[in-house]
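With the hints as your guide, set chain B onto chain A.
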Amino acid sequence: MTPTGTEQEQGFYPRLNAAGISGGRFSGMIVSVVGKQISNDGQLLILEDGDGAQMKITSPENSQNTQFIEIVGACAEDSVQHFVTRQLGDEFDMDTYNQMINLQNGKYQELFYQSEFQK
Amino acid sequence: MSYGGFEFNTDTNGYEGTDPMITSPAANSGAKEKKARKPTEEQFMIPITVRQAMKSVTSDGQCLVDGRDPHHVKLVACIKDIDQTATAISYNVEDGTGLINVKEWTNNVNPGDGAATTLAPQMYVRIIGKLQSFQGQASITAYQVKLVSSPNELTHHMLECIYVREMAAKRGSGAIGASAALMNNVGFGPQTTGMALDMNSGASSTPHFQQVQDYIQKFSEDNEIGIGRAQILQAMTSAGVSEKAVSLAIDQLAGDGMIYSTTDEDTFKYAL
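Chains as they are written, first to last, in full-length UniProt numbering: chain A, 1 to 119; chain B, 1 to 272.
Chain A on its own, in the form it takes in the complex:
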């Protein structure tokens, strides 16, 4: 259950970058972040998003990953708690992905968002 009291439908999770996480709007929700791995000490995984900003992932997996990964997890105030990792290879276009999620979370929410969470 999210802070607003509305349950997120299965399979619905906003795609965010560092600015989206720190904005606070999605705190308490299941979200997805995609980024380039910068470091992973077993306790904290750092990803870099398309804007060059860093995102903190807590409780990460300790498995071999490709350079770019997607993490689905629970959004906190300034980090995401790891649930699932998806491999996105070593040649993922972060810039275009960043532009895409800005459109998803902005003008085109109708195509991507559960209606209760549209702004």
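It cannot be assumed that every hint is accurate.
List of simulated lysine-lysine pairs, DSBU-like, C-alpha gap at most 35 Å [claimed, not checked]:
(1) B:LYS55 / A:LYS119
(2) B:LYS170 / B:LYS130
(3) A:LYS119 / B:LYS218
(4) A:LYS107 / B:LYS146
(5) B:LYS146 / B:LYS218
(6) A:LYS56 / B:LYS146
(7) A:LYS36 / A:LYS56
(8) A:LYS36 / B:LYS244
What the simulated footprint calls covered on chain A by chain B, stretch by stretch (three residues with Cβ under 8 Å from a Cβ of chain B suffice, anywhere in the stretch; the number is not a length) [claimed, not checked]:
(9) 8 to 22
(10) 74 to 88
(11) 92 to 105
Here are some chain A residues the structure puts well away from chain B; computed CB gaps all over 10 Å [said to hold, decoys possible]:
(12) ILE38
(13) ASP41
(14) GLY42
(15) GLN43
(16) GLY52
(17) ASN62
Derived by calculation from the structure, the hints in this document are not laboratory data.
Predicted model, so just to flag it, every value in this text is computed and none were measured.
Ideal Cβ positions, reconstructed from N, Cα and C, are used throughout, including at glycine.
Positioned in the frame of chain A, the structure of chain B alone reads:
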């Protein structure tokens, strides 16, 4: 890739938007009558998100996307789980917009294609199939479920969904061919390497685009099979339009679904 409904990328094994008569094995054994094939101009495929699929279900059980019944849909999503039986493989897939069930009958899976045995949860796949509803719930009967050729296909697919939605809206408002305005509104930057975004040339913003469109539309009214590429080129070049501009305009029109191929891939008819 074009959305005229008749051409598709060869990385999908030459899938060409025709109806391959996919039925379950049980239905095959008892079927005596075949469904009437949709008219050519109604056979089209559109990219959708799971959210669009879920919202497509109407009160009378139809599935309408942007007001139309898509012949086929394309979805890029991540496998959540797989359940394989003797007759079918059932996937639950999600793309961040929702979760949907996809069923692929095993008699449609090519035994030589290892995809059926190599797919696993947390893999992104490209699904092509038919959108259906049952008791108000949307699902997809897939003709093909394959690993994406590149992770960038996820981004590309999402952008395609936005693009097709905008084109449908423009078509509905009568502002046909105004893709220049669309590109400004959507705010795409310069085309990046590794991303084959098909909305880059601004061909639709040139005067020649409208000329070519008007020419094909005029001939489509009087000709059942439409008009050939050679004839379009001859007419347009004699009016001072370059061959390259004509070819670009034809490709753009086909990609937007404004024209479609009829007797062969170089004969076109206006869709609307």
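Hint-by-hint comparison with the structure:
no.: 1; hint: B:LYS55 / A:LYS119; result: 18 Å, holds
no.: 2; hint: B:LYS170 / B:LYS130; result: 25 Å, holds
no.: 3; hint: A:LYS119 / B:LYS218; result: 44 Å, violated
no.: 4; hint: A:LYS107 / B:LYS146; result: 30 Å, holds
no.: 5; hint: B:LYS146 / B:LYS218; result: 40 Å, violated
no.: 6; hint: A:LYS56 / B:LYS146; result: 32 Å, holds
no.: 7; hint: A:LYS36 / A:LYS56; result: 12 Å, holds
no.: 8; hint: A:LYS36 / B:LYS244; result: 40 Å, violated
no.: 9; hint: 8 to 22; result: holds (count 7)
no.: 10; hint: 74 to 88; result: holds (count 5)
no.: 11; hint: 92 to 105; result: holds (count 9)
no.: 12; hint: ILE38; result: 18 Å, holds
no.: 13; hint: ASP41; result: 23 Å, holds
no.: 14; hint: GLY42; result: 21 Å, holds
no.: 15; hint: GLN43; result: 22 Å, holds
no.: 16; hint: GLY52; result: 16 Å, holds
no.: 17; hint: ASN62; result: 16 Å, holds
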